[in-house]
Structures are given as C-alpha cells and as structure tokens.
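J.: Modelling step: build the complete structure from the supplied sequences, incorporating the hints.
Residue numbers (my numbering), protein chains in the order written: chain A, 10 to 360; chain B, 10 to 360.
Treat each hint with caution, since some may be false.
Identical copies carry no separate label here, and so any pair may be met within one copy or between two of them.
[Unchecked claim] As a list, the in silico DSS-like pairs of lysine-lysine whose alpha-carbon atoms are at most 25 Å apart:
| no. | residue 1 | residue 2 |
| --- | --- | --- |
| 1 | Lys331 | Lys149 |
| 2 | Lys145 | Lys73 |
| 3 | Lys142 | Lys207 |
| 4 | Lys89 | Lys123 |
| 5 | Lys344 | Lys123 |
| 6 | Lys66 | Lys282 |
| 7 | Lys344 | Lys162 |
| 8 | Lys18 | Lys123 |
| 9 | Lys149 | Lys173 |
| 10 | Lys123 | Lys93 |
Think of the hints as simulated: they come from the structure by calculation, not from any bench.
For clarity, every value in this text was computed on a predicted model and none was experimentally measured.
There are 2 protein chains.
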Amino acid sequence: MDRIQRLQKELEKTDTDYVIIGTTSNMFYLVGFSEEQMERPLLLFVTKDDYFMLVPKLYEEQLKQLPLIVYRDGEDPYSKLNLKENSNILIDDTTFSLFTIEILNRFKPRRLGKASVILRKLRQVKDDEEIEKMEKGVKKAEELLLEFVPDIKENMTECEIERKLKSFLIGEAGYISFDPIVTSGPNSSMPHLRCSDKKVKGGEVIVIDYGIKYEGYSTDTTRVFSLGRPNDTLALEIVEIVKSANEEAEKHVREGMRAKEIDDIARKVITDKGYGVYFIHRTGHGIGIDVHEDPYISPGNDDVIEQNMVFTIEPGIYLPGKFGIRIEDEVVVKKGYGKVLNTLQKELYIL
Amino acid sequence: MDRIQRLQKELEKTDTDYVIIGTTSNMFYLVGFSEEQMERPLLLFVTKDDYFMLVPKLYEEQLKQLPLIVYRDGEDPYSKLNLKENSNILIDDTTFSLFTIEILNRFKPRRLGKASVILRKLRQVKDDEEIEKMEKGVKKAEELLLEFVPDIKENMTECEIERKLKSFLIGEAGYISFDPIVTSGPNSSMPHLRCSDKKVKGGEVIVIDYGIKYEGYSTDTTRVFSLGRPNDTLALEIVEIVKSANEEAEKHVREGMRAKEIDDIARKVITDKGYGVYFIHRTGHGIGIDVHEDPYISPGNDDVIEQNMVFTIEPGIYLPGKFGIRIEDEVVVKKGYGKVLNTLQKELYIL
Chain A
10 MDRIQRLQKE LEKTDTDYVI IGTTSNMFYL VGFSEEQMER PLLLFVTKDD
60 YFMLVPKLYE EQLKQLPLIV YRDGEDPYSK LNLKENSNIL IDDTTFSLFT
110 IEILNRFKPR RLGKASVILR KLRQVKDDEE IEKMEKGVKK AEELLLEFVP
160 DIKENMTECE IERKLKSFLI GEAGYISFDP IVTSGPNSSM PHLRCSDKKV
210 KGGEVIVIDY GIKYEGYSTD TTRVFSLGRP NDTLALEIVE IVKSANEEAE
260 KHVREGMRAK EIDDIARKVI TDKGYGVYFI HRTGHGIGID VHEDPYISPG
310 NDDVIEQNMV FTIEPGIYLP GKFGIRIEDE VVVKKGYGKV LNTLQKELYI
360 L
Chain B
10 MDRIQRLQKE LEKTDTDYVI IGTTSNMFYL VGFSEEQMER PLLLFVTKDD
60 YFMLVPKLYE EQLKQLPLIV YRDGEDPYSK LNLKENSNIL IDDTTFSLFT
110 IEILNRFKPR RLGKASVILR KLRQVKDDEE IEKMEKGVKK AEELLLEFVP
160 DIKENMTECE IERKLKSFLI GEAGYISFDP IVTSGPNSSM PHLRCSDKKV
210 KGGEVIVIDY GIKYEGYSTD TTRVFSLGRP NDTLALEIVE IVKSANEEAE
260 KHVREGMRAK EIDDIARKVI TDKGYGVYFI HRTGHGIGID VHEDPYISPG
310 NDDVIEQNMV FTIEPGIYLP GKFGIRIEDE VVVKKGYGKV LNTLQKELYI
360 L
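T.: This is the structure we're talking about:
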C-alpha cells in the first residue's frame, strides 16, 4: 500500500476533510518530492478518497506524473481551489504559516489542526528500507567525522571549523541534516550555539554535533574532543557521568515502555551525581527524514516506544562559564530492545 | 531608531495586538538572532510598547541579553504566555504552521493575519549598510562562480556538479542562500529542477542558478554555459532574446514605476519574438536576508518601486524537451534608476 493510501486509511477513522502538506519532509514522505519552502504555494491536498497538488507553472513539467492544479505567476493560486467551507483541516506542522493563514481566511474552516496528529503515527515507525538507509547514514556520517577531525588545529576559530566541516560533509554526502554545532571551552555550555569567532585552544573541551542526509534520511551524532589532554580534569569526570547516563538509557530501551521512562533513566544518573540542574534539555528525539521528529524522549512524554522507532539518546551536562558535555547516539528499537547505531567511542577524543 | 522600534511605530497605525515571529529572517532582521526552525517554540512577541521572547531553556544563556520567557523540555511552553484572547495577531509568514495553529487554538484571536503586511514595508527598502553588504555579496559570489566553472567537465552528472559547487561555496562563503540549480540539455527547461543523475555532455546548455549568504544577506544569480560551442544554434538565438529582455527591463527601472511594468517590459521582448508562452514565470523578486522577498516583479503586481529596493531581473525561455535559458541579475534602485550589481557576461559562457 502506498503512503498516500496509508494516510487515507488513517483519515477514514476521523472527520478530517483535508490534509494540506507543504514542500516539507511530509511531502517527501508521501510523494517523494522535495523542494525548499518558498513564497509560492506548492501544496499537496489529501482527502479520504483523493489527492492533488497546487503548483506554480514553473514546476509543471517536473511534476507532470502527479495530479496537478497549475497556476501562473500573477494569478491568484487559491482561486484555483474548490475547497468546501466549514471543513476540518489538518495542516502540515512545518509548512509556512502564510499558507495556513490564507487557507484560514479564504476557506473558513470550522477547525484547523496539526497534521502530525495523524502523520506522526505513520512516520515514527520506520519500515525496514528506511532503517537500512538510516543505518548506512550513521555509518557514513561516522566515517566522515573521523576523516575530518585530524584537520582541527589550535587557533582555528569555531566558525572556521564549522564551515570546513559543513563543506566537507556536503562535498562527500551531498546534504547535511542541520548546520553543525562546533563549540569550545565556555561556549560549549550553550547546547545550541552554532559557533563563534572564538579560537580553539589546546586542552579545551570541543563539542561537535552534526548530521548528514543519506538518501533523504537524517543522522544526528554528538561527540566531545580536546586538542591534547583537557586542562580541567573535571571535564573527564563529567564525560564519565554523561557516558553512564547515555549508556544506562540505551541499555534499558524496551518496546512498550514510555518515552518519559527513558528520559528518567538518563536524568537519574546525572541527578544522582549532583548535576541534575545542569542537564537542561530532554534526553532525545525521534529522527528520520527530519532530524527532529516523534517520539520525543522528554520528561512527562507518555508516548509508547514501539518496534522500528528510531530516536537519539543525548544526555548532557552544561556548566556555564566552564564547558558542556553531550554524548549523542541514535537507537533503533529491534526485537524489543534498543540497538545503538553508533560505533564511535564515547570517551573524549584526544586529538 | 532600532528595528523593533520601527516595527512598533508601524503597529501604532493599526489595531494589531501582537506580532509573532519565529526563528526566520524576520527574527534576524529584528533582533539579530538566527537559528534553524525546529519543533520547540522559539518565538518573538512584539506589541506596540513591548517585546519579549519565548525560548527553550537550552537557549537561555545564549540569549540572556534579551527579555526572555524560558520553558524547559516537558513543560507546556504556551502556558507561560499571558496573551489576551480575542486579539488581532500578525504571524510571521515563514514561521512553521504548528506554532500558528497552537496560537489559534489556545488564544482564540479574533483575527490572524500575515506579519508581512507590515514587515515588508520595512524590509523591502534597504538601508545603506544592507546595500553595501549585498553589493559585496554579489561581487564575492561572482568571483566564486568564475573560480568554480573550469572544474565542470564532460560526463560529470548534474548532481555531482551541484554538490561540488555547494561544497565550494560553503567552504568559501560559509552559507548559501539556496541549494544551487545545475541543469543541462533538456533538463534545463525545468526552471526549478535542482539536478539529476544525467551526465553533462559537450555542446549542451548548462544553467547554473546559485547564491551565497554574505553577512546574512542573500545573493541570487543565473548564467548559462556550454562545454564547447552549443550543438543547437537555436540556443544562441534564445540567449540573445533573453539577454535583450533582461537588459531592456534593467534599463527601464525607475523609482515610482509599478513592479508589473518591469515585468511587462521583459515579457514584451520575449513575446514579440514569439516565445511568450515559454516564459513561464515572473520576471523577478525582491532579495535581502531572504532570497525571495518583496517586491515581486510579477504580472499584475501594483507595488511601487522605491529607492533602495533590491530585486532580481531574470527572464527566461523554456523549450520542453530542448533546453531552457535564464539570465538573472540583481538590481538596486539608486538615484531613481536601476543599478545592476552583477558584472558577469550575459552571453553564454563557452567552457
């Protein structure tokens, strides 16, 4: 059964009239087409028994194998649509708001909801082909990182390293799943700082969080490095704690448990060592076409872990003004247990 | 006057209660912060006399100089907000719909509109500092393209060339403004096809449409190439027509005219030669932080061209099954006239 049909089968159980999808990961998932989101509406409409796409004229030749409603630049795209008013519409979560606002104001739905309520069920459980791509992706990404890191030298800036890594990953893999994070010393205590003009010094903690796209699927891995031995021996202690948290959580992944229980396990290890207040984010997130997707391994999340889900386990400890440590793997649930896709060492790499 | 204040001054003229901005170009424009959009709300709220940001805990240290409302993973972010119901809200056009849908369903606004109705007025007219960055960006981008194109060899696939170009641009410039388009022969008649596994052959038309980000500002340029002389002499005739259309439009840019008039001028040149039906898109688009922004140089667009606007002029002719030709420059309106930022030749480059 193709993916549009699987979505339609789910729609049958609801009173949804339309699912509207932009040029996002959901469009790629449903019809295999990917494009950056832009200001021209390029939207897929799925109903219980039909689907069609609203596309600008300049995509017509490229998409001719699909059922198209075509408009030209200068025409009003929405006037080509014949959506019924007062309907129940689900909108693709990451589609740009301008389309949602037009739909809302033009077609007066009685309800607008997030398409993820249905699509997440389909996407969070991967099929074997998807898992194979993701396994290969992680392998490839790891090889590339090991090839890259010897090029990190003292006095390069974080952004210089980030740029070289990004250029290298794209040259070798074609696509990245997000702009890599390269932070060092005190900057590493900010988990989502991308990089700065700070120069990397010997003995500082360096955090690298990066991913590629492999046949459309994202990878996401974090490891920690140091040029020579770390100056601050506390860094090695913290690495040990984060590594234990990571491994404890991974070891206890079971089909049927709740996402929050995985978070609890990692968090308990860190809290027991007195660093709970410095673990300032969730333990992980699902991954697939998107680098972040369901299930989220968050405190309080009751989602049940199922066979063939893939998610990250990435506890961290962030000491403001000092450094931060995060160790991130991807885990797939197979035969009831968690199988870690990563093979890189979790200890700090001394470069 | 800072940009938040300029926005607030515009809000004074309206009955808008909140402008809500995601981690998009508008956030960069207003507060200088840029981040990829993700599932965690990281939103800027602007009212007539105040502003604040809703941010995940893991960004707190990084953004501490701004007025923050912080939530932790596992908490309900929206419960931290105290927005009044029945308000008039403008939402940032390219913010993910999931945030808009939450705002809609949680805070029951009486009206939801697009923030671009106000922000476009600010953003489409650049200040001198922005224009200087954009001029430097185009210069840099052109140098990089000329450095790159000698590496294009017969039998490389389009996607191989695309990947090498992307990797090179990122390595040299740090960021690209969009994934480059590299198409050849019959594929070049699809204006937004990115690339394929088709091998590039001698004598075929090759279209390269690419851009970098320079200090946060996008460039966007298209030129046409051929390995050796083109096999089809029609290609050279079509290049001449497209070049005339491009130059006629550029020459006639004037402060005070309407956007549609520029489109008309380019379109007339192509239509007079009998190819009007093959010019399947608008003549251009504004450019700045975003690669596509107001003003759109589209048929029927009554927007008035003002001093310090920057936009592209990019007519094209697409002959399905044969080839497509597009020539794209950036133009800034200065002293009442259009000043072309590009210097690359418009004739087909024989490599």
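J.: Are there hints from earlier that the structure breaks, and if so, what are their numbers?
T.: 1, 2, 5 and 7
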